[in-house]
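**Student:** Protein chains in written order, with our numbering: chain A, 1 to 79; chain B, 1 to 79; chain C, 1 to 162; chain D, 1 to 162.
Calculated from the structure, these hints are not laboratory results. Note that the coordinates shown come from a computational prediction; the quantities given were computed from them, not determined experimentally. Cβ atoms here follow ideal geometry from the backbone N, Cα and C, with glycine treated the same way. Hints are not guaranteed to be accurate.
[To be verified] Each computed SDA-like pair below joins lysine to any residue, with the alpha-carbon atoms no more than 20 Å apart: (1) 73(C) x 11(D); (2) 114(C) x 49(B); (3) 73(D) x 35(C); (4) 73(D) x 11(C); (5) 73(D) x 1(D).
[Said to hold, decoys possible] So these bits of chain C aren't anywhere near chain A, every CB distance computed over 12 Å: (6) 41; (7) 80; (8) 99.
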Amino acid sequence: MRVRLRFFAALREQMGARGERTLKPGATVEILWRSLVAERPELAAVPIRFAVNETYVEGSHRLADGDEVAFFPPVSGGR
Amino acid sequence: MRVRLRFFAALREQMGARGERTLKPGATVEILWRSLVAERPELAAVPIRFAVNETYVEGSHRLADGDEVAFFPPVSGGR
Amino acid sequence: MFRVTRRPIVVATLLRAVRDPAAGAVVTFLGTTRNENAGRRVVRLEYEAFHRMAEREMKALAATAARRWALRKVAMVHRIGVVPVGEASVAIAASAAHRAEAFTACHWLIDRLKEIVPIWKREHFRGGQVWIGAQQGTPDTRGRAASGRTATRGRRRRPVDR
Amino acid sequence: MFRVTRRPIVVATLLRAVRDPAAGAVVTFLGTTRNENAGRRVVRLEYEAFHRMAEREMKALAATAARRWALRKVAMVHRIGVVPVGEASVAIAASAAHRAEAFTACHWLIDRLKEIVPIWKREHFRGGQVWIGAQQGTPDTRGRAASGRTATRGRRRRPVDR
Numbered sequence: 001m002r003v004r005l006r007f008f009a010a011l012r013e014q015m016g017a018r019g020e021r022t023l024k025p026g027a028t029v030e031i032l033w034r035s036l037v038a039e040r041p042e043l044a045a046v047p048i049r050f051a052v053n054e055t056y057v058e059g060s061h062r063l064a065d066g067d068e069v070a071f072f073p074p075v076s077g078g079r
Numbered sequence: 001m002r003v004r005l006r007f008f009a010a011l012r013e014q015m016g017a018r019g020e021r022t023l024k025p026g027a028t029v030e031i032l033w034r035s036l037v038a039e040r041p042e043l044a045a046v047p048i049r050f051a052v053n054e055t056y057v058e059g060s061h062r063l064a065d066g067d068e069v070a071f072f073p074p075v076s077g078g079r
Numbered sequence: 001m002f003r004v005t006r007r008p009i010v011v012a013t014l015l016r017a018v019r020d021p022a023a024g025a026v027v028t029f030l031g032t033t034r035n036e037n038a039g040r041r042v043v044r045l046e047y048e049a050f051h052r053m054a055e056r057e058m059k060a061l062a063a064t065a066a067r068r069w070a071l072r073k074v075a076m077v078h079r080i081g082v083v084p085v086g087e088a089s090v091a092i093a094a095s096a097a098h099r100a101e102a103f104t105a106c107h108w109l110i111d112r113l114k115e116i117v118p119i120w121k122r123e124h125f126r127g128g129q130v131w132i133g134a135q136q137g138t139p140d141t142r143g144r145a146a147s148g149r150t151a152t153r154g155r156r157r158r159p160v161d162r
Numbered sequence: 001m002f003r004v005t006r007r008p009i010v011v012a013t014l015l016r017a018v019r020d021p022a023a024g025a026v027v028t029f030l031g032t033t034r035n036e037n038a039g040r041r042v043v044r045l046e047y048e049a050f051h052r053m054a055e056r057e058m059k060a061l062a063a064t065a066a067r068r069w070a071l072r073k074v075a076m077v078h079r080i081g082v083v084p085v086g087e088a089s090v091a092i093a094a095s096a097a098h099r100a101e102a103f104t105a106c107h108w109l110i111d112r113l114k115e116i117v118p119i120w121k122r123e124h125f126r127g128g129q130v131w132i133g134a135q136q137g138t139p140d141t142r143g144r145a146a147s148g149r150t151a152t153r154g155r156r157r158r159p160v161d162r
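Working from the sequences, and respecting the hints, build out all of it.
**Tutor:** What follows is the structure in structure tokens.
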């Protein structure tokens, strides 16, 4: 199956804004992320949040063909 | 000594906006208020606040010649 | 900016007054005329102030708040006269480096303003009017207090109806 | 009204959006660019959003707030792109019958917005720039984290300087 990727903030600067990957059926977000880390080992230390189709998900979320998966750092915070 | 009087809100409607009274030296706000109540006994039940020269005072505050004494109900409150 | 005015409140004016390059947060409170109060259909509110004392007390409150919290600037405006439903009778803006202080101070300021700044309101509702806040009743309405407030209903020619 | 926009925030627009004849209180929060942060002289902030998800999350927060508190209406706007010192990057307005609910909800909404709405800021200060919020450091700045934040100083050609 094929999924679309989006990256934001500091991650976008490293990975580009968009991408695409082909995955085995049943793959989770965590599996996808690990495959990206395998390509770019420096990502291993990055604090990361996941969203699928514009909704926050855990790494264990199972992907479906055509999903849009977004990767981004924690939100800015501030007081 | 002579003091000027001001009344606000429901009190103004009963007493008029302004007045004047002559008092014995050393008179307090409380004494002045009691003299007004003596003139208008229905005032006895009115919850009242005092200000002299635009500053909140207690009834025990001693008046001076030329003071402006304001009488008014508690402030409107509301949540 | 601490002002009692007969004119409609313009929030942008308060925001300009508290603007500060060191402020990261601006909290604004608006008190607006509600169409209902204690089961009565409110048509409009009417405010009366001890004008100069009210402005002094607002300034004093802001000074106290500035001692208690790390604020940048405060502005307070109270409208008097008739305030129709949906319009603001009071506005407070507080700026601070961080939002917690701005929220806490702004909330405290409106609570205190309603306790001590000498401004009174008369509620005009369908069928009558009432001074709000004279909890023990004024002589003309004594014995008809409802939920801590006094009401003069109908169009009888009583002092509070004038 | 839940919007991510590149244009300056106009508070009057939010106030109009939350106006309600049953509201007695309107509390507004503005987050503004401060000229200083963590000892750095801030020149401007720059915001980036996951636009549609951010608007969805803002709507969801408002819906949660409306279940928790007796609110009338909520409006939230976040500006993206460059926001100079003194200008607002985020505005939240909440109206309610009574002020306690409006204050509490507005404060809660901005706290939650800063935790979960996918919008990030880059701080441009004298001598460099930094993504705020990536508390563990991004690869390019690891080891130079200061007070929980990461900084890239100077004009070196590093990814975060692009």
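**Student:** Please flag the earlier hints that this structure goes against, numbers listed from lowest up.
**Tutor:** 8
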